[in-house]
Structures are given as C-alpha cells and as structure tokens.
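Add chain C to chain Y, keeping to what the hints say.
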Amino acid sequence: MIENIKKIGVLGSGTMGGGIAQVAAQSGFDVLLYDINTEILQKAFSKISGFINRAAEKGKITRDEADIAIERIITTTHLPNMAGCDFIIEAVPEKLELKQSLYQELDTITAPKVILATNTSTLSVTQIASVTKNPGRVVGMHFFNPVPLMKLVEVIGGAISDEAAIQITVEMAKRLGKTPVVTKDVPGFIVNRVARPFYLEALRLLEEGVADYATIDRLIREGGGFNMGPFELMDLIGLDVNFAASVSVYEAYFHEPRYRPSLLQQRMVESGRLGRKSGRGWYEYGEGEK
Amino acid sequence: MSNVWVIGDGTPAYEIAKLAQNAGHLVFTSFVDEKGNPDELIYEQPRWGFAPFTRRPETNPDVIIEAIIKKSQKLTAWRGYAVELQKKLTDTSMLVSTLSASATEISAWVARTKMVPRQNIIGWATLPPMEHSSAIELLPTQFSNERVLNLAKEFFTSLGKEPVIIKDCVGGVLPRVVASLINNAAYALMEGVASAADIDIAMKLGTNYPYGPLEWADKIGLDQVLGILEALCETYGEDRYRPAPILRQLVYAGHWGERTGCGFYEYL
Numbered sequence: 001m002i003e004n005i006k007k008i009g010v011l012g013s014g015t016m017g018g019g020i021a022q023v024a025a026q027s028g029f030d031v032l033l034y035d036i037n038t039e040i041l042q043k044a045f046s047k048i049s050g051f052i053n054r055a056a057e058k059g060k061i062t063r064d065e066a067d068i069a070i071e072r073i074i075t076t077t078h079l080p081n082m083a084g085c086d087f088i089i090e091a092v093p094e095k096l097e098l099k100q101s102l103y104q105e106l107d108t109i110t111a112p113k114v115i116l117a118t119n120t121s122t123l124s125v126t127q128i129a130s131v132t133k134n135p136g137r138v139v140g141m142h143f144f145n146p147v148p149l150m151k152l153v154e155v156i157g158g159a160i161s162d163e164a165a166i167q168i169t170v171e172m173a174k175r176l177g178k179t180p181v182v183t184k185d186v187p188g189f190i191v192n193r194v195a196r197p198f199y200l201e202a203l204r205l206l207e208e209g210v211a212d213y214a215t216i217d218r219l220i221r222e223g224g225g226f227n228m229g230p231f232e233l234m235d236l237i238g239l240d241v242n243f244a245a246s247v248s249v250y251e252a253y254f255h256e257p258r259y260r261p262s263l264l265q266q267r268m269v270e271s272g273r274l275g276r277k278s279g280r281g282w283y284e285y286g287e288g289e290k
Numbered sequence: 001m002s003n004v005w006v007i008g009d010g011t012p013a014y015e016i017a018k019l020a021q022n023a024g025h026l027v028f029t030s031f032v033d034e035k036g037n038p039d040e041l042i043y044e045q046p047r048w049g050f051a052p053f054t055r056r057p058e059t060n061p062d063v064i065i066e067a068i069i070k071k072s073q074k075l076t077a078w079r080g081y082a083v084e085l086q087k088k089l090t091d092t093s094m095l096v097s098t099l100s101a102s103a104t105e106i107s108a109w110v111a112r113t114k115m116v117p118r119q120n121i122i123g124w125a126t127l128p129p130m131e132h133s134s135a136i137e138l139l140p141t142q143f144s145n146e147r148v149l150n151l152a153k154e155f156f157t158s159l160g161k162e163p164v165i166i167k168d169c170v171g172g173v174l175p176r177v178v179a180s181l182i183n184n185a186a187y188a189l190m191e192g193v194a195s196a197a198d199i200d201i202a203m204k205l206g207t208n209y210p211y212g213p214l215e216w217a218d219k220i221g222l223d224q225v226l227g228i229l230e231a232l233c234e235t236y237g238e239d240r241y242r243p244a245p246i247l248r249q250l251v252y253a254g255h256w257g258e259r260t261g262c263g264f265y266e267y268l
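Chains Y and C are the protein sequences, given in the same order.
Be aware that the first sequence starts at 1, since it is given in my numbering, and climbs by one per residue.
Be aware that the second sequence starts at 1, since it is given in my numbering, and climbs by one per residue.
Chain Y on its own, in the form it takes in the complex (with noise of 0.2 Å):
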C-alpha cells in the first residue's frame, strides 16, 4: 500500500503544514499545499523555497536536489484537487469545528482508502474523526517544530481507527525520515503529557522555596544531564504557551493532581513576563538573546 504512495496532500501552509510540505517534497513526494488563499500560499511557497536552497547553498543537498524538491510542491486553494492525493496530512489551525468542517469535505472529495492524517496536537483524533463516514483511516500524525530537524513523530491511533491505517502512516513517518511512535488518543499524547512534571515539579519546588529557579535550572542541567533546566525551557516556549499546555491538559484528564498547574506561573503570564519573546521572563533577555 505504502508504495503506491506518491503524492500527498498537505493542509495549512503555515509553520507545521509548510515545514511538512518541504519534509515530503525532499522525501521525494509530489506536494499538493493548501491553503485559503494564494498571498498565503505564496508566501508559504517562498519561504519553504528559501528553506530548500539554503540547505544547497550549505552543501547538505545538491542543487538538482533542491530544484527538483522545489518543484514538486504546488500550491493550490482548491480542496477538491485534493482528490488527486494518496495520503493527506493537514495542519491547519487547533479548532475543532474548522478541522471538523474540512474532514467532512475530506471524506467525499478522496478515496476511503486514502488515510487522512491530522498534525493536531491538543485536540481528540477520534473527535475530529467521528464527524466523517470513514472514521477508520483518520488518524494522528504529531510533528515537531521544526519539522525539518525535529526526528519525532507521534502516529496516534483515534478510538476508532483502523490497524492497518496505523501501519500505514508508521511507514509513512518512516519514509519522511522521521521516527515513528505509536500512541493513543490520550491528551498530550506522549511528550506533551509525559514532559509536565518537568516543569510543574520546578514551579512547586520554586513555590516552596527549596531553591531559587537558576539554581534548580543548574541543578537540572548539571546534575540531571539535561540540556536545559525547566524555567530555561519556559522562557524559550513561552510562558503562556506552557501554562496554557498545563491547563489544557490538567482540564482534559478532569483535574488529575499530577497536572494541576501553577498559580505562580499565572501571575507570570498575566505580568506580560513570557520567556524570550517579550525580552524577559523568569530570566532576562538583551536584545540579541531573543
């Protein structure tokens, strides 16, 4: 099945849509891009370009590669020349009605056999799926940012998947260079549930005053081997995207202690402090650190 594979349809043009498209492109798949609009589209293109020849100018690709990469993305605002793919991977923005619309219109504009493969990352795969007649080729398909360096891919199997669509985008992930995990349809899936005590259990120990958060930062780091300590990671996420990560997921699993956020870190977020993006947050930021 996987080898009949040739082109695939990718939704949403932004960041993870767009380093997706570039992904497949170079993997050697022809790349149908959608978006709502061709200044969108457009822009997209050009930057997903300029990825791809920076990477020739570097030496990591031959410029035949990178010509060859390039051409087989086109952009289309069309949804029904979707019809023409054999995998689809949409990435288009986290809410569910707009998901849930584009799944409806998925399910008659392709094939039942094409697997549609959704990059969400805070929403239930089996809800987006449940609105479509063929809910057993949808499943999830979690990348990383960046998507062109980053080797993870969550392979989430909805409630009512199919095995075999599951396989499926496994060796697809493969394909794409990328280095498949299975999971359930859990909030957070793996890393984004697994990966909160790292920053709550911080927080508390900061509340509680055991440390101050540059020395539990270095105890992390030096003690522990990990590249970066907790509140380290928060100013470089952002701090509001991080609480928002812990409250999403303490609301989705009703209010199960291990992820019950951190009213310090509120006050953090509501002081306009949010990591490196505002130039300062637990640490502060000089111009050029941004």
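I should point out that these hints are in silico values taken from the structure, not numbers from a laboratory.
Note that this is a predicted model, so its numbers are computed, not measured.
We put the CB at the ideal spot given by N, CA and C, even for glycine.
Honestly, I wouldn't trust all of these hints.
Chain Y stretches covered by chain C per the calculated footprint, using a threshold of three residues with CB under 8 Å from any CB of chain C [unchecked claim]: (1) 147–156; (2) 177–188; (3) 191–198; (4) 205–219; (5) 222–232; (6) 248–260.
Pair by pair, the computed Cβ-Cβ distance ranges are [what the hints assert, rightly or not]: (7) Y:Thr179 - C:Glu146: 50 to 58 Å; (8) Y:Gln266 - C:Glu162: 29 to 37 Å; (9) C:Ala197 - Y:Thr122: 22 to 30 Å; (10) Y:Gly209 - C:Thr90: 15 to 23 Å; (11) C:Pro129 - Y:Glu94: 35 to 43 Å; (12) C:Gly237 - Y:Lys133: 44 to 52 Å; (13) Y:Tyr283 - C:Thr90: 44 to 52 Å; (14) C:Gly237 - Y:Glu284: 51 to 59 Å; (15) C:Gly254 - Y:Asp212: 36 to 44 Å; (16) Y:Glu284 - C:Glu58: 31 to 39 Å; (17) C:Asp91 - Y:Asp212: 33 to 41 Å; (18) C:Arg79 - Y:Ala159: 50 to 58 Å.
When the alpha-carbon atoms are kept at most 30 Å apart in a straight line, the in silico DSS-like pairs for lysine-lysine are as follows [what the hints assert, rightly or not]: (19) Y:Lys60 - C:Lys219; (20) Y:Lys174 - C:Lys114; (21) Y:Lys184 - C:Lys219; (22) Y:Lys277 - C:Lys204; (23) Y:Lys184 - C:Lys204; (24) C:Lys204 - Y:Lys58; (25) C:Lys204 - Y:Lys151; (26) Y:Lys47 - C:Lys204; (27) Y:Lys151 - C:Lys219; (28) C:Lys204 - Y:Lys95.
Quick look at chain C alone, frame taken from chain Y:
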C-alpha cells in the same frame, strides 16, 4: 584521603562508594538488607561487580554516607549500628541522603541513637547515573554546623561534584523532578498509552531528555524511585505524588531495574 563508610541499600550508595574509592578515599561499605539489618559492614552483592570489604574498619570514620531508601529501615539500621559499635562518633560527619526523608527528619532519628550528634549531620541529594554529573545538592539542617558543611563540600568536590546548597526538604531538586517524570511515564505505560520503548524514544527525541524516563528509572533502581514518591506522598499528603501501581508491582516482583536484571526493560 578520608576514612569513609558508605551505608545504603541501592544504586546511589553503590555509585557514591565507587566514586569515593576512585577518588582515593579509604572506603568501607555496608549494605543494609531488606529488614534493615546492617550486614556487618560486609559488601555482599556480587551483581554489582564491586570489590567487597571483608574486614571491619578498625578506626572511626571521618565521614559516614547514608543512602537507605526504605524509611522503615533507616531507624532499625541506625539502632543496629549503635548497638554494634558501642561508641559515640562525636568527630564523625554524617552525610545523609534525602531521597526518602529530609535531613532534619533523619537527624532526629540518628540523634535518638546518640551515635552521631545532630550538628554533624547534613543532607545530600542526587540521582544515578552520577558518573557524568558535575553538581550535587547539599541540604543543611538548622542544626548542621560549619564544620560538617565544609567537610561535605570538600568531600563532594573531591568526587568531582560541585556542591550546591538548597533548603532541606524531602527528595531535593533533581530527584523530585525526575521521580515525578518517571511516575508520570509509568502511568502512561500502565494505561497502555504507548510501549515503554516508544515512551522513552518520544521523550528523548521530542524534548531532548538525556534518558527516557523508564530507562532512567531502571538505572536509578525502581526501589529508589518508589521510595522517593512514597516519601513525597507522605510528606505532602498530595495525590500528585501517588506512585503508579505498576511501579509498586515491579518493585514487589523484585524487578528493580538494571541492578536486578529486569525492570521496565530486561537486561541480560
């Protein structure tokens, strides 16, 4: 070079003993058995591949490192030592692991045996594998004196670990964060979210952790991880620390990780 006794029941004690020996200290180890009885200062766990000491130390130690995870065994062990030694070690500094009790709590227990005065006691915390770590946590109590603080700093510096002082608490910074991660990963495994291997791969590739949480647990020892969580649970009375039943099951089954040949993974 100091005369160092290492008394413990798991990987942390073993690793400290090895580091101290490599640093040139005169090391005597004693591993406490299941019931909390000191094994007469004889090291007898061949799985470790660590040279056993078959003779009893003739002189009093400069430093005692304690790393007994089982709280119920700590007091039994100290009573045992006090009876066996029949003397007070007024000049000995005692560095107690805070993985399962704060240094203040352990001080109270040791003080009852009258073996070591409580101003000679200070807490320390870290997690295996210690080989590549460059920092260690020091937890002074309100009673710890300048002498024990300096001695502890000197001792850990001699092992290549820079001491970092934090407030006395159960666990310490790294052990609390990592044990919480492991517990959360264990719940995910138990709930069938993904396989152990996939959980570990996801955390290494998705968040750049040095080890997957489950393989890390196997290195630390599941007995140790469970001990940290049980102590946090007891101290804070909060559900967030309740240990995953799968962790308990593995510990009961004797699958404590690399040390016993089986934990979340099997080792040949």
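Requested in this report: Given the hint of 15 to 23 Å, check if Y:Gly209 and C:Thr90 actually sit that far apart at their C-beta atoms.
Outcome: For C:Thr90 against Y:Gly209, whose Cβ atoms are near 33 Å apart, the range 15 to 23 Å is violated.
Requested in this report: Decide if the proposed pair is consistent with the structure: C:Lys204 and Y:Lys58, CA atoms, cutoff 30 Å inclusive.
Outcome: holds (27 Å)
Query raised in the report: Does 29 to 37 Å hold as the CB distance between Y:Gln266 and C:Glu162, or does it fail?
Result: holds (34 Å)
**Report entry** Straight-line alpha-carbon gap Y:Lys174 to C:Lys114, limit 30 Å
**Finding:** With Cα atoms ~64 Å apart, Y:Lys174 and C:Lys114 exceed 30 Å; violated.
Query - Within 8 Å of chain C's CB atoms, at least three CB atoms from the stretch 177–188 of chain Y: coverage verdict - result: It holds, with 6 qualifying residues against the three required.
Query raised in the report: If you draw a straight line from the CA of C:Lys204 to the CA of Y:Lys151, is it 30 Å or shorter?
Result: Distance of about 10 Å is within 30 Å: holds.
Report task. Count the residues of the stretch 205–219 of chain Y whose CB lies closer than 8 Å to any CB of chain C, then report whether that count reaches three. Result -> This one holds; 9 residues, not fewer than the three required, reach chain C with a Cβ under 8 Å.
Requested in this report: Mind checking the hinted window 50 to 58 Å against the Cβ distance between C:Arg79 and Y:Ala159?
Outcome: holds (55 Å)
Query raised in the report: Quick one, are Y:Lys47 and C:Lys204 close enough, alpha carbons at most 30 Å?
Result: Since the Cα atoms of Y:Lys47 and C:Lys204 sit roughly 29 Å apart, the hinted pair holds (cutoff 30 Å).
**Report entry** Proximity test - 8 Å, beta-carbon atoms, the stretch 191–198 of chain Y to chain C, at least three hits
**Finding:** Holds, because 7 residues of the stretch 191–198 of chain Y bring their Cβ atoms closer than 8 Å to Cβ atoms of chain C.
Query raised in the report: Hey, C:Lys204 versus Y:Lys95, does the alpha-carbon distance stay inside 30 Å?
Result: holds (29 Å)
Query raised in the report: When you take the CB atoms of C:Gly237 and Y:Glu284, is the distance between them in 51 to 59 Å?
Result: With a Cβ separation near 37 Å, C:Gly237 and Y:Glu284 fall outside 51 to 59 Å, so the hint is violated.
The structure is inconsistent with the numbered hints 10, 14, 16, 19, 20, although it conforms to all the rest.
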